[in-house]
Amino acid sequence: MSTATLTSSNAPAPADVKPTLLNALTSRLVIIVPYVWLVLFFLVPFLIVFKISLSQTAIAMPPYAPTFTLGDGIAAFFSNLRQLSFENYLWLTEDALYFNAYVSSVVIAGISTFLALLIGFPIAYGMARAPLTIRPLLLMLVILPFWTSFLIRVYAWIGILKPEGLLNQFLIWTGLIDQPLIILNTHSAIFIGIVYSYLPFMVLPLYSTLEKMDFSLIEAAQDLGCTPTRAFWKITFPLALPGVVAGCLLVFIPATGEFVIPDLLGGSQTLMIGKTLWNEFFSNRDWPVSSAVAVILLLLLVVPIMIFQQAQAKAQEQGR
Amino acid sequence: MKSLGSIRRSFAPWTDPSAKPYIVFENVTKKFGDFTAVNNLSLTIYEKEFFALLGASGCGKSTLLRMLAGFDEPTSGRILLDGQDMRGIPPYRRPVNMMFQSYALFPHMTVEQNIAFGLKQEGMPKAEIDRRVADMLKLVKLEQFAKRKPHQLSGGQRQRVALARSVAKRPKVLLLDEPLGALDKKLREETQFELMDLQQNLGLTFVVVTHDQEEAMTMADRIAILDKGEVMQVATPAEVYEAPASRFVAGFVGNVNMFEGKVAARDDHTARITGASGAEIVVENAGDAVAGDTVAFAIRPEKIKVTSRRPEEAVNAMEGEVFDLAYLGDMTVYYVKLSDGQMVKASALNSARITEDALSWNDRAWISFKPDAGVVLTR
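Quick mapping for you: the protein sequence lines, in order, are chains A and B.
Residues 1 to 320 in this note's numbering are what the first sequence spells out, letter by letter.
Residues 1001 to 1379 in this note's numbering are what the second sequence spells out, letter by letter.
Note that these hints are calculated values from the structure, not bench results.
For every residue, glycine included, the Cβ atom is placed at its ideal position computed from N, Cα and C.
Distance ranges between label pairs, derived from CB positions:
no.: 1; chain 1: B; residue 1: A1146; chain 2: A; residue 2: L137; range: 39 to 47 Å
no.: 2; chain 1: B; residue 1: G1088; chain 2: A; residue 2: L38; range: 57 to 65 Å
no.: 3; chain 1: A; residue 1: L151; chain 2: B; residue 2: R1087; range: 53 to 61 Å
no.: 4; chain 1: B; residue 1: R1087; chain 2: A; residue 2: V303; range: 54 to 62 Å
no.: 5; chain 1: B; residue 1: M1331; chain 2: A; residue 2: T229; range: 52 to 60 Å
no.: 6; chain 1: B; residue 1: R1148; chain 2: A; residue 2: L38; range: 34 to 42 Å
no.: 7; chain 1: A; residue 1: T26; chain 2: B; residue 2: K1186; range: 41 to 49 Å
no.: 8; chain 1: A; residue 1: L137; chain 2: B; residue 2: P1017; range: 56 to 64 Å
no.: 9; chain 1: A; residue 1: L38; chain 2: B; residue 2: S1102; range: 35 to 43 Å
no.: 10; chain 1: A; residue 1: F237; chain 2: B; residue 2: M1331; range: 54 to 62 Å
Result set (SDA-like, lysine to any residue): computed pairs, CA atoms no more than 20 Å apart in a straight line:
no.: 11; chain 1: B; residue 1: K1228; chain 2: B; residue 2: E1073
no.: 12; chain 1: B; residue 1: K1120; chain 2: A; residue 2: R230
no.: 13; chain 1: B; residue 1: K1120; chain 2: A; residue 2: E219
no.: 14; chain 1: B; residue 1: K1345; chain 2: B; residue 2: N1362
no.: 15; chain 1: B; residue 1: K1149; chain 2: A; residue 2: S216
no.: 16; chain 1: A; residue 1: K314; chain 2: B; residue 2: K1147
no.: 17; chain 1: B; residue 1: K1370; chain 2: B; residue 2: L1338
no.: 18; chain 1: A; residue 1: K314; chain 2: A; residue 2: A246
no.: 19; chain 1: B; residue 1: K1120; chain 2: A; residue 2: T236
no.: 20; chain 1: B; residue 1: K1345; chain 2: B; residue 2: D1363
no.: 21; chain 1: A; residue 1: K314; chain 2: B; residue 2: T1110
no.: 22; chain 1: B; residue 1: K1149; chain 2: A; residue 2: T236
no.: 23; chain 1: B; residue 1: K1149; chain 2: A; residue 2: A311
no.: 24; chain 1: B; residue 1: K1120; chain 2: A; residue 2: F237
no.: 25; chain 1: B; residue 1: K1262; chain 2: B; residue 2: V1290
no.: 26; chain 1: A; residue 1: K162; chain 2: A; residue 2: G175
If we strip away everything but chain B, and leave its shape as in the complex, we get (with noise of 0.2 Å):
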């Protein structure tokens, strides 16, 4: 079966036109005075889904998950849970918890009556706080420093209290603002799979604010990506990165070569896409493109091949200059110059240790893809 991406996915509620949206932004517009954080913003979020808000910083994420905690009310527009409008309702009564950016432990607690803090509010006996608290505490593999105060942890152990913390009174939707942030990027790595075990095994939602692409792939069955507090895409990692909506998506996440032209031909097939420079390209998939648009042709640099002379069979091929070369391991990736000047990047798996035919700065070479490598933007 073809599938986008190298990834099936058996949970896929957005794809069914009967499945109840969990949460739901309607319309949603924040300003600070003069500033509009959030703009006419309308998203949907399933029950037990993994979804990443991503975008630069100031682009409005985190104003969206303060206000779904409570913390900011929406200037017009509303906010559902599981079908209530949350207008109104104070944190302290909303089914939400959250895990800071900055953990926002309690100094003078130890980590035990930290993660026993909500239980107690909610009035739970005291044998069931404590049987909770030991099971988040194993949740975590903190068990031997139940008694510490979070100025005796490590970061990633404040990392790991912030979370049994914000789980413990089991809420239907977790909010995590940067949860990984500030760890160092190993245990950023690991963490980032515990996380999606916990949300698996416990079978929350989770709306995960993040600037991190790569953790946002990761993690999330779902990305929305923000920009200046609208909505660019909302779709699965896959479909974000091999199927972008705009150019700004394409450039948002990884990394892409862009082709300015116009559809000088359009049949239900295939379109062909003229480069100011005269170079044409013949693509599948052009989406709603139609002859004498406007768009851009995105291709990442991995389905891009380079050699050194043209391919036979190659549909799409163009002549250029090696400009800069980089040997990375694991694979090489090529700056080529086109004739037009246009800079290409191009990246090869190096799956053989010894190649045949190896290129060198100011090469002549050839960059070539098949139709389908990229997509044309209109947007």
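Isolated chain A, as found in the complex (with noise of 0.2 Å):
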């Protein structure tokens, strides 16, 4: 560089611009990667699942019309796409059940994830304030169950709760009741398998909090006059938000959409909107209502999310 500023010393010389111009494009390049990997792997069949929305059933291969091909000429697309319209959506209105399910899913998804947020604080508290030695096993065994298929634990479920199951068996023979209880296609046997199912993404990220926190912090507000449970929701649950709504959030929305979870473990009764999808695509083949019922679906869980990230962006700019 210095032998470039001897020869030329107005005009800047290329070996100081390559570099330089290399290293915007693999910064950039960086930035593209995932919003590449967006748009491909989310924008792309979010759209086409939009389009089927718009357009009505048919009996045909796909089972809707119409269908845009290329090579159509331009005439065809625009007739094409004044066929598309919002009746679906309207449909979705119409039909109590829709409504039914979605309320009955969130409601299901929110109580779940109360009671994994229940559980999960004191495990990951636990395991926060264990010996440092030990802290890796104990992640591992929150890890450990990943390890077996989903759909096998979820089954192994229907063992364990049916009426001649483990858990009947067990009760009976200590004697605490003398008729099996009746857990399994209940609503209580959809709370069990989500919160078994997700308590790991719950622990993880309240463990995470936990961990960097600061104990100290608990013992200066002991200090300051705070009995341990005062001093628990003034400065551990606080500083332990962020771990909350992430862990809140992590449960929450596929629990909201699960479908293997109802369907075998909640019976026939239960209502939830991840079936009901599942039943208009596979026993009434309606695409179109079921891409509505997804569309919506999708708005309901992502908006307020969007709107409460930006909140809390916002509130971390201002410091903390």
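Grab the two chains, each in its own frame, and use the hints to assemble them into the complex.
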């Protein structure tokens, strides 16, 4: 570089420009890659689903019309475009089934999330305060269930919860009950299934925030006159809030759309949007309506989360 | 009036047998598993005293503080505060507050909210809390920073918030765990005097834990020197320095030259100590040492004179060779190797700009000191 300035003092030497240009390109590239990923695997599929939701059912392959194909010409494209409508969305409002399924899903997911928080917080807290040497082991134990197929684990709960299952056999053996408890095919079974399956998603973010917390803060709060319970609500909980929010979102979002657990553990009586979606899609083969159900579900979940995250980012900018 | 060191103290309740101790550690032992952090320790601290617990890390000083705050309970023995046994009383019901080494400021609260926190727990009326917080902010000169969060403050400002928060409740006793440990040297020196002023103005009892002897010497009325969970000596800074109780204390606080030997003769006033090489030292204030005892004679570097010829009037003088020299501006440090091989450190204040008869490396030199310049240590 010093030689370049010696030979030509005004124009930047080519050696000076090239690396910076390359640097700029690579740094752009780093940002572009995740965006390309999101566009390809999130936005494009979403747009396809959205388009199907605006179509009509047809006895054809694929089972909806119109279909856009390249080479139809511009006139055909516009006539196809005119066939798209929001009719399916209107249909969703007309049949109470869908509204009830949405509400029921949100309620079930909400209760399950709350239960997971109630159980996950003490676990995460215990892990964060455990001696440093055994923490990796405890983390391992939390992650361990993932090594078995999700489906098999949910099936295993049938064996535990059914009237002649392990739990009832055990309770009758201890003499606590004489008649088997009916748990399978009730909401309780769904709560158990969701809490069990999604607990690691609650525990891990909680653990990571609690682990970073300086526990002398709790001592300081007690020193200043807080009982341990008060210190928890005044110090521990507010500081763990980012983890609580992350954990709740990670449980609530998949639980709302959950299909396997309500289907296997909840029986035919349970109404959840994931199940409704599955029925529309595979039993009725009504792709447009099921697509509309999926789009609404997405808006229902994504929009509040985006608003929430924006608020949180703003709060973070103002200084924690 | 003669007094040890260069400061005469008017506040000295520990010399008054009728004074009632405020904090009493009575045969306190604290074990963590197999490890004994505090071993059968007894200590008394008086009201309005600035008391320092000094020791190397792991000596049990922080454990003592935590037991006083209520975070740890003694395994055996008891702790009395103003006559009341503290056993079983949780931290939130003790009339003591602690300033934590990490400051432990609540990151999700502003400076104001941090200071008000303890007062709110007391259920103090809002108007009074506001007034008290304003007072505290003024006291630590942080009025403009009331609405800031801790992470927006400098280290020194955080230290002040922690201090304000811990004194806001007007505790009977303030416990400070390495209060200046995280500050840089200059700020530390300034803050030392501010802490002393604060303690005087509020009339509080301060118990401070530190590993920095200079800090303890500057601030404390009395210092307890701890080692392996036991008290080595409790005394004023001057006593600790000029009359250490043991070889450990003499070596721990400041620099010292130690001459090992035996008491050859002893009368009311003086003792003669013969070193291993046969050199003889005449000392006053030999304490309870009797003839035949194995003792150490400890003397501070600044009490030793180094000259090129033997001073005529000197009672104690030994010949050696200047091994090393360091000119530090305000003083000069000499390392003199005696004929028996012992190295002696001596320092001389450079009170004049021009020195006649200056010494150089490898010069023959004499060290000399007065009979009352050092102490005889039996332990």
